[in-house]
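2 protein chains.
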Amino acid sequence: MPSSLPQQIVQAISSVTGGKKAALHEPRFQGNEWLYLKECLDSTFVSSVGKFVDRFEADLAAYTGARHAVAVVNGTAALHVALLLAGVKPEDEVLVPAATFVATANAVSYCNAIPHFVDSEARTLGIDPRALREYLRDIIVRQGHISINRHTGRTVRALVPMHVFGHPVDMEGLLEIAREFNLVLIEDAAESLGSTWHGKHTGTLGLMGTLSFNGNKTITTGGGGAILTNDTALAKKAKHLTTTAKVPHRWAFEHDEIGYNYRLPNLNAALGCAQLETLPAFLASKRRLHEAYRQAFANIHGVSLLAEPEGASSNYWLQALILDETQADACEAVLTMTNDVGLMTRPLWNLMPHLPPFARCPRAPLPVAESLVRRVINIPSSAFLA
Amino acid sequence: MPSSLPQQIVQAISSVTGGKKAALHEPRFQGNEWLYLKECLDSTFVSSVGKFVDRFEADLAAYTGARHAVAVVNGTAALHVALLLAGVKPEDEVLVPAATFVATANAVSYCNAIPHFVDSEARTLGIDPRALREYLRDIIVRQGHISINRHTGRTVRALVPMHVFGHPVDMEGLLEIAREFNLVLIEDAAESLGSTWHGKHTGTLGLMGTLSFNGNKTITTGGGGAILTNDTALAKKAKHLTTTAKVPHRWAFEHDEIGYNYRLPNLNAALGCAQLETLPAFLASKRRLHEAYRQAFANIHGVSLLAEPEGASSNYWLQALILDETQADACEAVLTMTNDVGLMTRPLWNLMPHLPPFARCPRAPLPVAESLVRRVINIPSSAFLA
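Sequence order for the protein chains is A and B. According to the numbering used here, the stretch in the first sequence is residues 329 to 714, in order. According to the numbering used here, the stretch in the second sequence is residues 329 to 714, in order.
I should point out that these hints are in silico values taken from the structure, not numbers from a laboratory. Incorrect hints may have been included.
Note: identical chains are not told apart, hence a pair may lie in one copy or across any two.
As the list claims (entries may be wrong) - With a Cα cut of at most 20 Å, we get these calculated EDC-like pairs of lysine to aspartate or glutamate: (1) Lys348 - Glu619; (2) Lys565 - Asp466; (3) Lys564 - Asp584; (4) Lys366 - Glu354; (5) Lys417 - Asp657; (6) Lys417 - Asp668; (7) Lys574 - Glu638; (8) Lys379 - Glu354; (9) Lys564 - Glu698; (10) Lys565 - Glu660; (11) Lys366 - Glu449; (12) Lys349 - Asp370; (13) Lys564 - Asp387; (14) Lys565 - Glu419; (15) Lys417 - Glu504; (16) Lys567 - Asp584; (17) Lys528 - Glu367; (18) Lys366 - Glu508; (19) Lys564 - Glu462; (20) Lys348 - Asp387; (21) Lys565 - Glu653; (22) Lys528 - Glu653; (23) Lys564 - Glu653.
Small disclaimer: the values here were computed from a predicted structure and weren't measured.
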């Protein structure tokens with residue numbers, strides 16, 4: 329009897345991991361992490377001020393090609409502040425993918441704005457520009473420079489694509505839409521450090537971009553994130569807003585607006601500096617892992633391994649299988665069987681409009697996202713796994 | 329010619345520091361910090377899950393006597409979540425001291441609520457219960473169980489005293505007021521880890537209390553904070569809200585409300601576990617420093633050193649001088665002269681209603697706070713300074 333699709337998938341993953349159990353994504357600390365943490369501790373500057381924060385910001389800017397990087401406490405905080413600086417106001421609508429991690433939608437909510445969910449394309453798993461343009465041409469009326477959702481009467485202020493699993497979204501199409509409808513474009517690049525689109529680093533193509541260094545990301549600072557921007561005034565404002573909006577003074581406490589305690593501690597930045605040094609090796613290893621999976625899955629029918637979109641270079645943060653439509657019913661069995669044998673896998677996130685807090689938010693038709701959510705499975709993706 | 333008051337103050341501080349320059353408050357890492365950080369790194373669990381987070385929470389609960397401690401990314405986040413869990417709703421008013429660090433008022437704003445500023449007493453530098461009771465009896469009208477500010481028509485929902493520089497506020501008076509006006513009492517104990525009021529740890533007397541482990545605090549985790557509570561259901565909700573409100577599942581992403589990415593990374597918790605072990609030694613040393621300053625300032629006229637209130641034990645986080653009313657004009661000269669010679673000092677925070685973002689918020693008469701802000705000066709306060 330030929331083995332079932334879930335069995336074949338378990339075998340294919342096992343052939344790559346060498347039969348060993350495997351987490352979805354583990355960090356690796358084999359560079360200068362230890363040295364820098366010790367140096368940080370010995371300096372006693374472990375908190376919001378210190379040389380590792382400055383260095384991490386400089387290193388991130390140099391690596392991504394952004395003029396500025398502002399380190400913050402996590403990717404959610406980065407997105408929150410980026411949206412505030414983009415001028416997102418209470419009751420504005422912000423276009424975000426229905427298929428994303430909840431942080432994207434939460435950050436919109438923190439601004440008292442309303443996430444407006446749009447569809448994905450199967451090629452990138454990110455926002456589909458063609459579907460979005462058609463949708464916006466239907467629902468948007470212009471009042472001067474402002475785009476108004478004619479169904480809700482609210483201003484549609486910003487567009488926040490997310491580079492899912494590290495695969496760059498079609499930025500050309502989205503930048504055109506942002507221009508056509510006068511939307512601020514902020515890239516949620518939480519998952520795509522190391523990914524480029526036509527040679528430019530993700531997160532540097534819109535007005536601002538945001539990164540995450542959570543423990544499950546390509547590099548980690550324990551918890552951490554950053555805002556990327558080429559706009560010097562915005563970078564300065566980002567630093568100000570994330571450090572309680574305190575006006576510099578030798579001793580006086582003057583705060584000129586509602587600020588946030590979002591600064592990345594120096595201790596976490598020390599880890600980040602070491603991790604960033606090893607990023608090229610991580611990326612090369614993750615690309616090799618993709619190739620190993622590609623070969624392992626080449627002859628299995630009913631499932632395909634997601635590859636980087638044309639014109640883009642992906643960091644392959646999380647490897648993703650996509651079951652054929654006809655095999656969607658096997659998804660739960662695949663998740664169960666793989667996790668049962670210690671090969672950690674997970675499905676796509678529940679679509680945002682399916683979550684109770686966002687059930688009443690506006691949404692475009694979501695045929696592709698609704699299909700993908702039944703068929704996408706992430707498989708073990710750590711660097712140096714294969 | 330007798331020396332001026334600023335000169336005498338410089339001499340007195342110098343006599344305690346042994347003529348050496350001194351920061352306002354430096355952390356000290358001479359326990360197991362190094363060991364635990366290495367153990368954390370070697371485990372690869374540096375992020376939101378790990379044994380040091382669990383241990384830090386257990387150790388904090390044991391130390392403070394709170395039934396539960398929930399570790400978070402900083403003290404501001406702790407207060408934000410505590411206010412949300414206390415039922416603070418948009419447009420509610422929350423009573424906070426005019427004399428506090430900006431985080432207290434910011435956290436209220438994050439809930440879309442309005443800080444309502446009240447006066448201090450010179451004895452504790454915290455909220456004055458007698459002045460507050462008199463004020464509330466004037467402005468509050470009751471509608472069933474709800475207290476309404478008759479000037480604004482808004483619900484006054486909560487009372488957030490702050491234990492300034494570690495000196496416990498008069499909790500007996502404030503707990504009575506909370507009962508009389510049906511206010512939720514949340515203690516901002518950001519500065520008072522190690523301080524007790526009639527034998528009970530600050531932050532454990534109200535419904536919830538919040539701690540901070542910023543780099544300038546008595547113990548530090550780089551950045552960090554915690555929510556203390558004796559209410560098991562609230563502790564569970566706090567953990568849920570601070571971990572993106574994710575419903576536990578082997579793989580599915582279900583989030584049942586708007587949550588936050590506020591969990592303390594394991595790396596920072598590792599530092600916290602080691603710091604907490606040395607807290608008793610820090611406290612003893614800071615008490616010795618207070619005694620040294622007391623002797624140094626005993627014969628200087630026009631200035632007094634703030635001592636712990638009767639019935640309370642203070643952690644003496646920051647030592648504070650209070651200039652006599654007649655000497656208030658010397659405050660700027662004292663700050664300049666001390667900082668110029670490398671003895672770091674700072675004034676009280678600008679009062680909250682003096683900051684642009686809070687200028688239009690409601691406030692009680694603030695005669696004591698207005699007087700204190702011209703006369704309070706913090707002087708070098710690190711453990712093991714003297």
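Intra- versus inter-subunit Cα pairing at 20 Å for Lys417 with Asp668: neither (46 Å within a copy, 44 Å between copies)
Intra- versus inter-subunit Cα pairing at 20 Å for Lys528 with Glu653: neither (34 Å within a copy, 62 Å between copies)
Homo-oligomer pair classification [Glu354, Lys379; C-alpha up to 20 Å]: between (27 Å within a copy, 16 Å between copies)
20 Å Cα threshold - placement of Glu462 relative to Lys564: neither (37 Å within a copy, 45 Å between copies)
Within, between, both or neither: Lys567, Asp584 at alpha-carbon 20 Å: within (13 Å within a copy, 32 Å between copies)
Up to 20 Å CA-CA - Glu367 versus Lys528, copy category: For Lys528 and Glu367, neither the intra-copy (33 Å) nor the inter-copy (38 Å) Cα distance is at most 20 Å.
Alpha-carbon proximity between Lys366 and Glu508, which holds within one copy, between copies, both or neither at 20 Å: neither (51 Å within a copy, 52 Å between copies)
Intra- versus inter-copy proximity for Asp584 and Lys564 (alpha-carbon distance at most 20 Å): within (14 Å within a copy, 36 Å between copies)
Same-copy or cross-copy closeness of Lys564 to Glu698 [CA-CA at most 20 Å]: neither (40 Å within a copy, 32 Å between copies)
Homomeric proximity label, Lys565 with Asp466: Cα distance no greater than 20 Å: Close neither inside one copy (36 Å) nor across copies (42 Å); limit 20 Å.
Alpha-carbon proximity context of Lys348 and Asp387, limit 20 Å: neither (35 Å within a copy, 36 Å between copies)
Intra- versus inter-subunit Cα pairing at 20 Å for Lys349 with Asp370: Between copies only: 19 Å across chains, 38 Å inside a chain, cut-off 20 Å.
Hints 2, 5, 6, 7, 9, 10, 11, 14, 15, 17, 18, 19, 20, 21, 22 and 23 from the list above are not met by this structure, while the remaining hints are.
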